[in-house]
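Chain W is fixed; fit chain A onto it per the hints.
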Amino acid sequence: MRSETTTLPAPSALSRFLASDIAYSFRRSPLAVTASIALLLLVVSAIFSPLIAPQNPYDLKQLFIDKAELPPIWSADGEMPYLLGTDPQGRDVLSAILYGARISLIIGVASVGLSMLIGVSIGLLAGYFGGIIDNFLMRIGDTVLSIPTLLVAILVSALFREALPPALREPFAAIILVVAISLTSWVQYARTVRASTMVERRKEYVLAARIIGVRPSRIMRRHILPNTLTPILVAATLNLGLAILSEATLSFLGVGMPITQPSLGTLIRIGNQYLFSGSWWVVVFPAAELGLIVLAVNLIGDWLRDVLNPKLR
Amino acid sequence: MLIFLIKRIANAAGVMLAVAFIAFMTFKFVGDPVELMLNEQASQAQRDELRARLGLDRGFVLQFATFVGNAAKGDFGISFRNQRDVSSLIAERFPATFELVIVATVLSLVIGIPFGVYTAIRRRTPLAELLQFVSVLGVSLPSFAVGILLILVFSVTLGWLPAFGRGEVVDLGWWTTGFLTASGRQALILPGITLSMFQITLVMRLVRAEMLEVMRADFIRFARARGLRDRSIHFRHALRNCLMPVITVTGLQIGNLIAFALVTETVFQWPGMGLLFVQAVTYVDIPVMAAYLMVVALIFVTVNTVVDLLYAIVDPRLRQDALTGGAHAV
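From first to last, the protein sequence lines are chains W and A.
Going by the numbering used here, the first sequence opens with residue 1, and the numbers climb by one from there.
Going by the numbering used here, the second sequence opens with residue 1001, and the numbers climb by one from there.
Bound conformation, chain W alone:
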């Protein structure tokens, strides 16, 4: 996909895209349009959270203890500018959500990127070379799939943290999570890419490239890879939702993001402690934001899968 947009001049690429089947069925699907607009809003508000959030929730100077546990603005005790209320530390819930969503999205996107990189490389190698290499790599994949992914992710995340000295644990928390999630989700990409590589490798254009002496690494990257991208795109979209959920689950269980840089999962974990004190807004709003993000991503992923599925044409 990327190589197309960079090699073609910009206006023709854009007009070509607008005239394509995908753009057409996108315009015809109200659910996909709504989901995309919603996701765009959520992503933009998360990225620019430092600019638009009423408060920097992690700057202790901006927290006032007399503003603690305020309910949302529409209830009788609500106060401006705390639209969604405050938590027991006097932190603005809306600001915390915006900052948290940014962390959740970054980790989700990074995990999908890394697992795609691992999966696509392994899939290409296994499919192109076949034989022992293929067998070895795919057996590793089978083993990963034979253990529930959540368990592997918890284990990897817990062990990496334990292996790091305590001072490094917080700065590396996000990286550990990305690695833990990627190590459990690359197999799907590897299997997909391997299957299409095995088909492509026998085609004439690959044979021609080999005969004129193109190196295998270049054949894999420049010739075979572009032809395996469509299923990867669908898998990546659907996996983005899963990755965000995995991150939230790990953070909720306490093996994810620390309280000092909370993701949405961490916020829900914190809010859960105040469940019985009646401050429902501290936990409900982060959960709603998380649900909205994943819902939007999943709706787009479902739509994309149906559009690109040749069987449903």
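Honestly, the hints are just simulated from the structure, not real lab data.
Just so it is clear, the structure is predicted and the values come from calculations on it, not from any experiment.
Keep in mind that a hint or two might mislead.
To give an idea of the interface, some chain A residues facing chain W are shown, with a C-beta separation under 10 Å as derived from the structure [claimed, not checked]:
1) VAL1015
2) ALA1023
3) PHE1133
4) GLY1251
5) VAL1263
6) PHE1300
7) VAL1301
In this text, a Cβ means the ideal position worked out from N, Cα and C, and glycines have one as well.
Frame of chain W, contents of chain A only:
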């Protein structure tokens, strides 16, 4: 058939060995257990003694072999945290998790199948579209958020159902059950719904897809031509033909549900093995973590292997497949 059987079992054993290796490596990864178990004033002699008792003075391969041998006998060592036998810890927590998984499985079938049938046969109606949308919502909300919201509504606000624990349980000697008391049954409701949420959507989508497929088949058209009533066509003819994959997926998902139960158990402080594992992770109690990993993997691998074998018995083509390439049921 015999070759297929041997192949599948060898495969399963290979996976279990790999899992055992991962479990074994977790011990190595976290550092010296002798340092973890003894306090700082321990003398060198005490250290050496413990090292020998744990078998850590031997070579790497020998240690791994001992670990696998002990694990095969159900001996996972002693918990670092409360100095108790790990296998008995897991055994006493297992019934709680298993009952939760059973409830979730039953719920997913009882709710998922009717919803799936409805969305397939009344495809264009608003209610079917709504159910279909709710099913996307079901996979988008993480189960812990669902659990928390349920607690908020039914325990905190309405006060109808308990928010944590198993309620009163009856001890049968080798098994503790919450099914026999009123409070035990009440305590199962919210965690059961939470755990089954994902499974319900899975069953529903599967039944819908299968029904849509079957409804196009010739025998359904003939049934209509014979003038059978819709009700009889849908349930007696179409649905029956969809149940095989549903049963398979339900079976295969049991391992996943056991693993995912750990999230639900954390939300509801449910005293199952998932909660034991999460607490072990917090305290870096490696023997418990390793044992849990191996028990869940064993259940997972056993279920997969049995399903594969059953398929091979039912469908002879798969045996041929297995000899030429990989056979993957479902």
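These are the hints, each one checked on the structure:
The criterion of a C-beta within 10 Å of any C-beta in chain W is met by VAL1015(A), whose closest approach is roughly 5 Å, and the hint holds. Residue-level restraint check for ALA1023(A) holds (minimum Cβ-Cβ distance to chain W is 9 Å; threshold 10 Å). A least Cβ separation of about 8 Å between PHE1133(A) and chain W falls short of the 10 Å threshold, and the interface hint therefore holds. Given hint, GLY1251(A) at the interface with chain W, is violated; its Cβ is 15 Å from that chain's nearest Cβ, farther than 10 Å.
Of the supplied interface hints, the one on VAL1263(A) holds, with its beta-carbon coming within about 6 Å of a beta-carbon of chain W, less than 10 Å. Look at PHE1300(A): its Cβ gets to within about 6 Å of chain W, closer than 10 Å, so that hint holds up. For VAL1301(A), the shortest C-beta to C-beta distance to chain W is roughly 6 Å, which falls under 10 Å, so the interface hint holds.
Violated hint: 4 only; the structure is consistent with all others.
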